[in-house]
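Trainee: Chain by chain, the residues:
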Amino acid sequence: KQEVTQIPAALSVPEGENLVLNCSFTDSAIYNLQWFRQDPGKGLTSLLLIQSSQREQTSGRLNASLDKSSGRSTLYIAASQPGDSATYLCAVRVHNTNAGKSTFGDGTTLTVKP
Amino acid sequence: GAGVSQSPSNKVTEKGKDVELRCDPISGHTALYWYRQSLGQGLEFLIYFQGNSAPDKSGLPSDRFSAERTGGSVSTLTIQRTQQEDSAVYLCASSLDGGAADTQYFGPGTRLTVL
Numbered sequence: 251k252q253e254v255t256q257i258p259a260a261l262s263v264p265e266g267e268n269l270v271l272n273c274s275f276t277d278s279a280i281y282n283l284q285w286f287r288q289d290p291g292k293g294l295t296s297l298l299l300i301q302s303s304q305r306e307q308t309s310g311r312l313n314a315s316l317d318k319s320s321g322r323s324t325l326y327i328a329a330s331q332p333g334d335s336a337t338y339l340c341a342v343r344v345h346n347t348n349a350g351k352s353t354f355g356d357g358t359t360l361t362v363k364p
Numbered sequence: 016g017a018g019v020s021q022s023p024s025n026k027v028t029e030k031g032k033d034v035e036l037r038c039d040p041i042s043g044h045t046a047l048y049w050y051r052q053s054l055g056q057g058l059e060f061l062i063y064f065q066g067n068s069a070p071d072k073s074g075l076p077s078d079r080f081s082a083e084r085t086g087g088s089v090s091t092l093t094i095q096r097t098q099q100e101d102s103a104v105y106l107c108a109s110s111l112d113g114g115a116a117d118t119q120y121f122g123p124g125t126r127l128t129v130l
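Here the protein sequences line up with chains A and B, keeping their order.
To convert a position in the first sequence, counted from 1, into my numbering, add 250.
To convert a position in the second sequence, counted from 1, into my numbering, add 15.
Please note: incorrect hints may appear among the correct ones.
[As the list claims (entries may be wrong)] Facing chain A, from chain B, some residues (calculated, C-beta under 8 Å): (1) Gly57; (2) Tyr63; (3) Asp71; (4) Ser73; (5) Gly74; (6) Pro76; (7) Phe80; (8) Leu106; (9) Ala115; (10) Thr118; (11) Phe121; (12) Gly124.
Hints are computed from structural coordinates only; laboratory data are not their basis.
Every residue, glycine too, gets a C-beta built ideally from N, C-alpha and C.
Build out the structure end to end from the sequences listed, making use of the hints.
Mentor: Shown next as structure tokens:
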């Protein structure tokens, strides 16, 4: 059974700081890993998706890495802004073409202070 | 084009009643997913559709839960004889084809409250 853990559960940083969010998973036979942000009372917004064969993906100030052998992914946010404040979730999809299940971590709630 | 839409946005029902939740995926997306998000439970997978068929129903918590998808588009999640523990936000997502490079796009969710 795939288990996904995100550490820390909450993080508060001053504006402008670079930061790293962590995601670990127990089964390395994954299909892909996706990072989302969730704003209070809203749905999920996709940030980055890393396929099983990839090591990292970048979009703007965001960089996500994947190390399957160690069961870890990190989301790096550069030059954080107050608008980055949200809950960040990672989701791991199992390596099975008929399996649609993604297992989510409980998220890291980020607060960026002006 | 439009994103994933869900209706209703909020639903309050009495214990024992049946409810139907609707999801309209992004046009052209063949893959559709249902999840629920409960306080203290995180985000939980319910069911996955590829076209009109559901190859993965592994997350449905009981036989009170069912889902269908017609015409490869709209999906309905039905909960029969609702219980208070069914209270949650039900989220729908769609993606192009369910492949490894496939990004899931989520709707805003339906908040279900069972009194």
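Trainee: Are the hints correct? Go through all of them and say.
Mentor: How the hints compare with the structure:
A cut of 8 Å between beta carbons decides the hint on glycine 57(B): the least distance to chain A is about 5 Å, and the hint holds. At its closest, the beta carbon of tyrosine 63(B) sits 2 Å from a beta carbon of chain A; the interface hint therefore holds under the 8 Å criterion. With its C-beta approaching chain A no nearer than about 5 Å, aspartate 71(B) sits inside the 8 Å limit, and its interface hint holds. Because the smallest distance between the Cβ of serine 73(B) and any Cβ of chain A comes to about 6 Å, under 8 Å, the interface hint for this residue holds.
Contact between glycine 74(B) and chain A, as hinted, is supported at the beta carbon level, the nearest pair being about 6 Å apart and thus within 8 Å. At its closest, the beta carbon of proline 76(B) sits 14 Å from a beta carbon of chain A; the interface hint therefore is violated under the 8 Å criterion. With its C-beta approaching chain A no nearer than about 15 Å, phenylalanine 80(B) sits outside the 8 Å limit, and its interface hint is violated. For leucine 106(B), the interface hint holds, the least distance from its beta-carbon to any beta-carbon of chain A being 6 Å, beneath 8 Å.
Checking alanine 115(B) against chain A: minimum C-beta separation of about 5 Å stays under 8 Å; hint holds. Satisfaction of the interface hint for threonine 118(B) is found here, the shortest Cβ-Cβ separation to chain A being roughly 5 Å, below the 8 Å cut-off. Annotation: phenylalanine 121(B) was flagged as interfacial toward chain A, and the flag holds, the nearest CB pair being 4 Å apart, inside 8 Å. Interface restraint check: glycine 124(B) against chain A, minimum CB-CB distance 5 Å, threshold 8 Å, status holds.
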